[in-house]
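Please build the complete structure, drawing on both the sequences and the hints.
Protein chains in written order, with my numbering: chain A, 372 to 650; chain B, 727 to 1029.
Don't read these hints as lab results, they were simulated from the structure. Because the structure is a prediction, the values reported are computed rather than measured. A portion of the hints provided could be inaccurate.
To be verified - Here are the computed lysine-lysine pairs in the DSS-like style, where the Cα-Cα straight-line distance is at most 27 Å:
hint, chain 1, residue 1, chain 2, residue 2
1, A, LYS506, A, LYS465
2, A, LYS506, B, LYS924
3, A, LYS410, A, LYS465
4, A, LYS527, A, LYS583
5, A, LYS518, A, LYS532
6, A, LYS505, B, LYS924
7, B, LYS850, B, LYS924
8, A, LYS631, A, LYS583
9, B, LYS850, A, LYS482
10, A, LYS505, A, LYS527
11, B, LYS924, A, LYS465
12, A, LYS583, A, LYS518
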Amino acid sequence: MAKLEVPETVKDKAAAEPGNPVFDVRDVSTYYGNFKAVKNVSLTIHENEVTAFIGPSGCGKTTVLRTLNRMNDLIPGARVEGDITYRGQSLYAKQVSPTAVRRRIGMVFQKANPFPKSIYDNVAYGPRINGIRKKSDLDGIVERSLKQAALWDEVKNRLNKSALGMSGGQQQRLCIARTLAVEPDVVLMDEPCSALDPIATGRIEDLMQEIKSQYTIVIVTHNMQQATRVSDRTAFYSVERNEESDTRTGVLVEYDQTAKIFENPSNPLTGDYVTGRMG
Amino acid sequence: MAAVTQQPAPGSAGPVNLREPAGWRRTKNGLMTGLMWLAFLIVLVPLVLVLYTVVSKGAAAINWQFLSSPTIPPNIMPLGSGGMGPAVVGTLEITGFAALIAIPVGVLGAVYLNEYGGNGILAKVIAFMSDVMTGVPSIVMGLFIYTIWTLQFGYSGMGGSFALACLMLPVVIRSSYEMLRLVPNSLREGSYALGASKARVILTVVLPSAVGGIVSGALLAVARAAGETAPLLFTILTVEQTNSNLFSGANTALSTQIFANATSPYVGAEQRAWGAALTLIAITFILMIVARIVTARFTRYSH
Ligand SMILES: Nc1ncnc2c1ncn2[C@@H]1O[C@H](COP(=O)(O)OP(=O)(O)OP(=O)(O)O)[C@@H](O)[C@H]1O
Ligand SMILES: [Mg+2]
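Printed below as a string of structure tokens:
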């Protein structure tokens, strides 16, 4: 595979001054029970940028993403070491409520998970949690969110039908709309396009470009072209085999501006991966 | 395997054979289908026989007079006299109150087990106890309530409700627990990721996703309890008059009336027993239908 072209606009943007730090991740290791899934990750995620996580399967991209909004608290035995600062506050401090964190840091999952409710109720779910009850307000939010997720035209006539009756790609876009409906500060996306056709993927990518002036986005993707198209910065993870215990631990190999990662990486591992010589 | 090699290679001339190769596989398929039909028919036999007997013998007894007039002692002779009015009232009251106790407690218990208990020792103990309770014979449950309640406070419909609730509780816990376990974790996570609290996740995502199964399980427990006889014999005593006060005084129920009438040799009593049996089946049946309609409304988005 030849070197990927990084679009000029992205290059310019990344070369310009970085936004305020949103997340400051310092020396973070995540465990599932005794199993160390990722170790010593340090990176800074900037405001109004799209940050991509790439790397081979099982290297811990999802794990790192889930530590950013404390979703891993829900897994029994999962544990985080190190410091994560979100807008100046320590994310794992005692007095921090995971619920409050997740209201500001939304997440779209690898597998679409619409609720067994109507399309409308799926999108209105988050706003209702936040106490919005007025029908006209909810109507507006539902329409805006579905439009942002490029789904409105397909579903506007069947908002009261079950969300489970939609195609896989539509369900994933519904999940994106559901996340946008609460207007989070950060949107974490775990391979949001892996079930989408190129047209819907293009729409989601356009959406990311549109909304990144208001949001900060972190996206996990296995699609190199997608990373080059949408992201300002890219983090490349890989796995390190531990000889004694025969376990595999994810490590952050390189984190830099996307253009640098794809055109002139400092680590040879990164170069091999992005050009397809290692997977 | 031979049939496969006879097929023309893809791309070569001649029609492609897409038919299932004849032989053992097809025979096996037919054989198994036949076996399943047979099993189904065998299951149907007792069901149809029970329904047929009860309907054919009970239908003659049933009319408005039967459903509304007071019960009479089994030794009163004339055919067509007396009815089951007080027993219908008693069964509805006693079973209804038992359901009112057992369903909320059972569902909440199941929520605790599945959502809060985790692998904790308390959850394990509760789950184990509830399974043991399922195995307690109903007559023992009746004796238990008799000793701790009836001896203290006298016969009452409520004592019967307590006994039935004890019988229903483990069934409701177990069936609700199984339904909650089936709710995929990804749904809970979807809700958490929007900033929902745990209580909110349970109330707005977990319980609604499981409601169909929970209602079915609870109803099965109610239907079984409605027909229980032994625990009521000790606790409500079985009288002839209507006692609409659930909380004091001896009461009566269809199941105990069936028992009293069917065990006596008089023709009139026998007919009243069949009539009561049919009434009981009809009540259960109506309950099931109502519940189906209600759950259909709750679960209309889950497929
Ligand atoms: N809930 C869990 N319990 C135990 N181990 C887990 C859990 N989730 C992930 N792991 C382990 O952590 C490691 C990293 O997994 P993770 O899901 O973060 O990988 P990933 O980079 O997202 O992979 P993919 O690209 O396939 O999605 C893997 O070895 C995986 O087996
Ligand atoms: Mg993943």
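Exercise. Starting from LYS850 of chain B, check that the Cα of LYS924 of chain B is at most 27 Å away, please.
Key: The hint holds at about 21 Å.
Quiz item: Are LYS506 of chain A and LYS924 of chain B close enough, with their CA atoms no more than 27 Å apart?
Solution: Answer holds: LYS506 of chain A to LYS924 of chain B is near 25 Å, not above 27 Å.
Quiz item: Between LYS631 of chain A and LYS583 of chain A, does the CA-CA distance stay at or below 27 Å?
Solution: holds (21 Å)
Self-check item: Restraint check for LYS505 of chain A with LYS924 of chain B, where alpha carbons must lie at most 27 Å apart
Solution: holds (24 Å)
Exercise. Quickly compare the C-alpha distance for LYS583 of chain A and LYS518 of chain A to 27 Å and report which way the hint goes.
Key: holds (16 Å)
Practice problem: Below or equal to 27 Å on CA atoms is what counts here, so check LYS850 of chain B against LYS482 of chain A. | Solution: violated (32 Å)
Practice problem: Measure nothing beyond the straight line between the CA atoms of LYS506 of chain A and LYS465 of chain A; if it is 27 Å or shorter, mark the hint as holding. | Solution: violated (37 Å)
Quiz item: LYS924 of chain B and LYS465 of chain A: Cα distance at most 27 Å?
Solution: holds (18 Å)
Self-check item: LYS410 of chain A paired with LYS465 of chain A [C-alpha distance capped at 27 Å]
Solution: OK: LYS410 of chain A and LYS465 of chain A at ~22 Å, within 27 Å.
Quiz item: Given the hint that LYS527 of chain A pairs with LYS583 of chain A, does the C-alpha gap stay at or below 27 Å?
Solution: With Cα atoms ~25 Å apart, LYS527 of chain A and LYS583 of chain A stay inside 27 Å; holds.
Quiz item: Between LYS518 of chain A and LYS532 of chain A, does the CA-CA distance stay at or below 27 Å?
Solution: holds (18 Å)
Quiz item: Regarding the pair LYS505 of chain A and LYS527 of chain A, is the alpha-carbon distance no greater than 27 Å?
Solution: Roughly 20 Å separates the two Cα atoms, so the pair holds.
Taken one by one, the earlier hints fail for this structure at numbers 1, 9, listed in ascending order.
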